[in-house]
Amino acid sequence: MKNILITGVSTGIGKTTAEYLLKSGYRVFGSIRKVEDAKNLIKDFSKNFIPLKFDITDEVAIIRSVEIVKKTLNGEYLDFLINNAGAVIGGPSILLETQDFRNQFEINLFSVVSITNAFIKLLGAELNNPHEGKIINISSVSGKRAFPFLAPYAASKFALEGYSDALRRELQIYGIDVILIEPGPVKTAIWNKVHEKDNNSFEGSDYDIMLKKFSKIIMKNEAEGINAEVVSKLIYKIINSKYPRTRYLITKNKFKNHLLIKIIPERWLDKLIGKKLGLLKKFNFL
Numbered sequence: 004m005k006n007i008l009i010t011g012v013s014t015g016i017g018k019t020t021a022e023y024l025l026k027s028g029y030r031v032f033g034s035i036r037k038v039e040d041a042k043n044l045i046k047d048f049s050k051n052f053i054p055l056k057f058d059i060t061d062e063v064a065i066i067r068s069v070e071i072v073k074k075t076l077n078g079e080y081l082d083f084l085i086n087n088a089g090a091v092i093g094g095p096s097i098l099l100e101t102q103d104f105r106n107q108f109e110i111n112l113f114s115v116v117s118i119t120n121a122f123i124k125l126l127g128a129e130l131n132n133p134h135e136g137k138i139i140n141i142s143s144v145s146g147k148r149a150f151p152f153l154a155p156y157a158a159s160k161f162a163l164e165g166y167s168d169a170l171r172r173e174l175q176i177y178g179i180d181v182i183l184i185e186p187g188p189v190k191t192a193i194w195n196k197v198h199e200k201d202n203n204s205f206e207g208s209d210y211d212i213m214l215k216k217f218s219k220i221i222m223k224n225e226a227e228g229i230n231a232e233v234v235s236k237l238i239y240k241i242i243n244s245k246y247p248r249t250r251y252l253i254t255k256n257k258f259k260n261h262l263l264i265k266i267i268p269e270r271w272l273d274k275l276i277g278k279k280l281g282l283l284k285k286f287n288f289l
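In the numbering used here, the protein residues as written are 4 to 289.
Think of the hints as simulated: they come from the structure by calculation, not from any bench. Hints are not guaranteed to be accurate.
Claimed, not checked - Derived lysine-lysine pairs resembling DSSO-like cross-links, with alpha carbons at most 30 Å apart: (1) Lys37 - Lys5; (2) Lys274 - Lys284; (3) Lys240 - Lys215; (4) Lys124 - Lys223; (5) Lys284 - Lys219; (6) Lys74 - Lys190; (7) Lys37 - Lys56; (8) Lys257 - Lys245; (9) Lys255 - Lys279; (10) Lys42 - Lys147; (11) Lys147 - Lys240; (12) Lys219 - Lys285; (13) Lys56 - Lys74; (14) Lys50 - Lys124; (15) Lys147 - Lys215; (16) Lys279 - Lys245; (17) Lys147 - Lys74; (18) Lys285 - Lys236; (19) Lys42 - Lys26; (20) Lys215 - Lys274; (21) Lys147 - Lys255; (22) Lys245 - Lys219; (23) Lys236 - Lys215; (24) Lys215 - Lys265; (25) Lys216 - Lys190; (26) Lys223 - Lys236; (27) Lys124 - Lys26; (28) Lys236 - Lys279; (29) Lys42 - Lys74; (30) Lys26 - Lys73; (31) Lys190 - Lys56; (32) Lys255 - Lys216.
Claimed, not checked - Derived DEER-like restraints, expressed as beta-carbon distance ranges: (33) Trp271 - Asp209: 17 to 27 Å; (34) Leu283 - Thr60: 37 to 47 Å; (35) Asn43 - Glu129: 30 to 40 Å; (36) Pro247 - Trp271: 46 to 56 Å; (37) Ser218 - Pro133: 17 to 27 Å; (38) Glu62 - Val38: 28 to 38 Å; (39) Lys278 - Thr75: 27 to 37 Å; (40) Lys236 - Lys42: 26 to 36 Å.
Idealized CB from N, CA, C, for every residue including glycine.
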């Protein structure tokens, strides 16, 4: 039986992946923040689900969870660590506080570093240890290209991509692989939280109209996005792949949503986005 640890299993990709892997016969450790969520998941999932109550930014709680996992494994190792938990902070960069950027990095990057370092020994990070665990980091297409009003999120995912590449090369000494998944829009609650930073905080600003247009695009993309189950099936495929790729981009209409954007000149893309959102400077010749 493979042992998998997934962060953020209360909703979205984390929950559907935990459910999919449990049905496939794996033992799943899943991080949750609320006791109520743990109770509900224990009720919904099989006996092979072990909830771990910790906030991904709480290093003391993470260390406590390492001991729980170690005791449960009873001499076995983790086969996969899936760093899934994350959040989105958005808004015009010049109107956001520096603390907003810090908070975004705390959740989307620094927590991944903390959790990875805490559980790395249980993945087999010791010289001459025959066990070779793997790490899957859930990134985003926003780790490849940045759109307006998502600067904190994009910056954190760009950083996660760089960290994952460096870590993968460093962990070759232990035979531990690091794999990135880069989803496009997914039908999950994460995008609802873009609007949670005081919905009216930018009202009346120079960006007011553009933000309303952007909000509609976000909601449309989410509604038309891939189901979380698609990502879960990809994770299952990676777990059972002998030679997984270093990164997997998964989005609807890959040519339009990824390849086309990659090949057109960046200045053209700036103009296209600017025109769509009304961001191009208007000149008054009167």
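Consistency of the hints with the structure:
1. Lys37 - Lys5: Distance of about 26 Å is within 30 Å: holds.
2. Lys274 - Lys284: Answer holds: lysine 274 to lysine 284 is near 11 Å, not above 30 Å.
3. Lys240 - Lys215: violated (39 Å)
4. Lys124 - Lys223: Answer violated: lysine 124 to lysine 223 is near 43 Å, above 30 Å.
5. Lys284 - Lys219: holds (21 Å)
6. Lys74 - Lys190: With Cα atoms ~36 Å apart, lysine 74 and lysine 190 exceed 30 Å; violated.
7. Lys37 - Lys56: holds (7 Å)
8. Lys257 - Lys245: holds (25 Å)
9. Lys255 - Lys279: holds (20 Å)
10. Lys42 - Lys147: Not OK: lysine 42 and lysine 147 at ~37 Å, beyond 30 Å, violated.
11. Lys147 - Lys240: holds (23 Å)
12. Lys219 - Lys285: holds (23 Å)
13. Lys56 - Lys74: holds (15 Å)
14. Lys50 - Lys124: Distance ~25 Å between lysine 50 and lysine 124 Cα, so the pair holds.
15. Lys147 - Lys215: Cα-Cα ~24 Å, so holds.
16. Lys279 - Lys245: violated (44 Å)
17. Lys147 - Lys74: violated (39 Å)
18. Lys285 - Lys236: violated (47 Å)
19. Lys42 - Lys26: holds (19 Å)
20. Lys215 - Lys274: Holds: lysine 215 and lysine 274 sit about 19 Å apart, inside 30 Å.
21. Lys147 - Lys255: With a Cα-Cα distance of about 16 Å, the restraint between lysine 147 and lysine 255 holds, given a limit of 30 Å.
22. Lys245 - Lys219: Roughly 42 Å between the alpha carbons, so the hint for lysine 245 and lysine 219 is violated.
23. Lys236 - Lys215: violated (34 Å)
24. Lys215 - Lys265: holds (26 Å)
25. Lys216 - Lys190: Cα-Cα ~19 Å, so holds.
26. Lys223 - Lys236: Holds, at about 24 Å.
27. Lys124 - Lys26: Holds, at roughly 27 Å.
28. Lys236 - Lys279: violated (34 Å)
29. Lys42 - Lys74: OK: lysine 42 and lysine 74 at ~21 Å, within 30 Å.
30. Lys26 - Lys73: holds (23 Å)
31. Lys190 - Lys56: holds (25 Å)
32. Lys255 - Lys216: holds (22 Å)
33. Trp271 - Asp209: 17 to 27 Å: Because 24 Å falls inside the window, the suggested range holds.
34. Leu283 - Thr60: 37 to 47 Å: 39 Å Cβ-Cβ, so the 37 to 47 Å window holds.
35. Asn43 - Glu129: 30 to 40 Å: holds (37 Å)
36. Pro247 - Trp271: 46 to 56 Å: violated (34 Å)
37. Ser218 - Pro133: 17 to 27 Å: violated (52 Å)
38. Glu62 - Val38: 28 to 38 Å: violated (20 Å)
39. Lys278 - Thr75: 27 to 37 Å: violated (55 Å)
40. Lys236 - Lys42: 26 to 36 Å: holds (27 Å)
The structure does not agree with the numbered hints 3, 4, 6, 10, 16, 17, 18, 22, 23, 28, 36, 37, 38, 39 stated previously, though it agrees with the rest.
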